[in-house]
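Q: Chain residues, written in single-letter form:
Protein chains: 2
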Amino acid sequence: MASVFVGTSVDGFIARGNHDLDFLPEGGGEEHGYEAFMATVDALVIGRNTFDKVLTFDAWPYGPKPVFVLTTRPGPRPVPAGATVEFLAGEPSEIVARLGERGFRHLYIDGGKTIQRFLRAGLIQRLIVTHVPVLIGEGISLFGSLAEDIRLQHVRTRSFASGLVQSEYLIGPAGRDSPAP
Amino acid sequence: MASVFVGTSVDGFIARGNHDLDFLPEGGGEEHGYEAFMATVDALVIGRNTFDKVLTFDAWPYGPKPVFVLTTRPGPRPVPAGATVEFLAGEPSEIVARLGERGFRHLYIDGGKTIQRFLRAGLIQRLIVTHVPVLIGEGISLFGSLAEDIRLQHVRTRSFASGLVQSEYLIGPAGRDSPAP
Chain S
1 MASVFVGTSV DGFIARGNHD LDFLPEGGGE EHGYEAFMAT VDALVIGRNT
51 FDKVLTFDAW PYGPKPVFVL TTRPGPRPVP AGATVEFLAG EPSEIVARLG
101 ERGFRHLYID GGKTIQRFLR AGLIQRLIVT HVPVLIGEGI SLFGSLAEDI
151 RLQHVRTRSF ASGLVQSEYL IGPAGRDSPA P
Chain Y
1001 MASVFVGTSV DGFIARGNHD LDFLPEGGGE EHGYEAFMAT VDALVIGRNT
1051 FDKVLTFDAW PYGPKPVFVL TTRPGPRPVP AGATVEFLAG EPSEIVARLG
1101 ERGFRHLYID GGKTIQRFLR AGLIQRLIVT HVPVLIGEGI SLFGSLAEDI
1151 RLQHVRTRSF ASGLVQSEYL IGPAGRDSPA P
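Protein sequence lines correspond, in order, to chains S and Y. Going letter by letter, the first sequence gives residues 1 to 181 in the working numbering. Going letter by letter, the second sequence gives residues 1001 to 1181 in the working numbering.
Hints in this document: simulated from the structure, not taken from any laboratory. Yeah, the Cβ is synthetic: ideal placement off N, Cα and C, and Gly gets one too. Keep in mind that a hint or two might mislead.
[Stated by the list, open to error] Far from chain S by the CB rule (all over 12 Å, computed), these chain Y residues:
(1) N1049
(2) V1054
(3) S1093
(4) E1094
[As the list claims (entries may be wrong)] Covered by chain S, according to a simulated footprint, are these stretches of chain Y (three or more residues, beta-carbon under 8 Å):
(5) 1103-1116
(6) 1132-1141
(7) 1153-1159
[What the hints assert, rightly or not] Ranges of calculated distance between the beta carbons of each label pair, as one might list FRET restraints:
(8) S:G27 to Y:P1076: 55 to 65 Å
(9) Y:Y1034 to S:R73: 46 to 56 Å
(10) Y:R1077 to S:P173: 40 to 50 Å
(11) Y:E1035 to S:M38: 38 to 48 Å
(12) Y:L1170 to S:G27: 41 to 51 Å
Generate the whole structure from the sequences, applying the supplied hints.
A: This is the structure in structure tokens:
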């Protein structure tokens, strides 16, 4: 099982074009289920851009949780103390298969390009999107082009005092179907 | 006061690139407040693309409610029987001023380009967006570029049995502010 848990502006951006996150509430904002979600995650799969961004944070946000960074650039890299990081290359289906063989059952897929690649490949089963009450006009989109429509099953939506609105959707095997001709 | 009441895919599209609406539930889907909203509306302001699309529907959806169609192409046009339609050209601020002088207090702004123009001009005070549980990958976006961030005040979010999720936001005069330097 692979999940996305992500915050976006109401117009669907996860970051500004320069990767800034200044439109998000400080410190991640009001608690909106991140800790509870993380407790169910076996490993993260993130893109290199997200990894590079996270390295600029004051603290490594993933604790000792295994983090797999997708990159085609080989070679050793600095990794923060206490972090468990491994670099991988490959198609989303290979990544999921390899991590599954290693016993990682619940993957948290993060980062714009990575989320889009895994969605396109039909490898995301759960989408938890938190809308931050702002329009920013342009930036890095959460969603991208698809080969076909992906139908979602709405599980629940919660809103929070600070204005965050969080919707959870499931994507079943039947979620990938072509639009009616 | 000007409001937007619109349905989008979860990835933010109000129509496919060819203006098709086949991903929306038939007949507008489960009742989700459209009638109650329309009862508060004095007049609609829509773009020419939206007008042309609406003309292809089986029935004119706006009843006798005055509909102002923004277009720069002059000349008479066919208008459905029973419809109250007027063609206008001008900047959003002029349109709002002219309609205000004529006593239209609550405007319903509809159509992709028109919504974006009025938002950019700071002339939308209320945004009611209903997310339909599907990702379509590409199409005509609800939102577009902005000169500056627009902060939203979350009013309420409702979800419906069919999976529709509707969020209502207010945009105050203070809603238009620059991002922190």
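Q: Give a verdict on every hint.
A: Status of each hint after checking the structure:
no. : hint                          : in the structure
1   : N1049                         : holds (20 Å)
2   : V1054                         : holds (21 Å)
3   : S1093                         : holds (19 Å)
4   : E1094                         : holds (23 Å)
5   : 1103-1116                     : violated (count 0)
6   : 1132-1141                     : holds (count 6)
7   : 1153-1159                     : holds (count 5)
8   : S:G27 to Y:P1076: 55 to 65 Å  : holds (59 Å)
9   : Y:Y1034 to S:R73: 46 to 56 Å  : holds (51 Å)
10  : Y:R1077 to S:P173: 40 to 50 Å : holds (48 Å)
11  : Y:E1035 to S:M38: 38 to 48 Å  : holds (43 Å)
12  : Y:L1170 to S:G27: 41 to 51 Å  : violated (25 Å)
Of the numbered hints given earlier, the model fails hints 5 and 12; all others are met.
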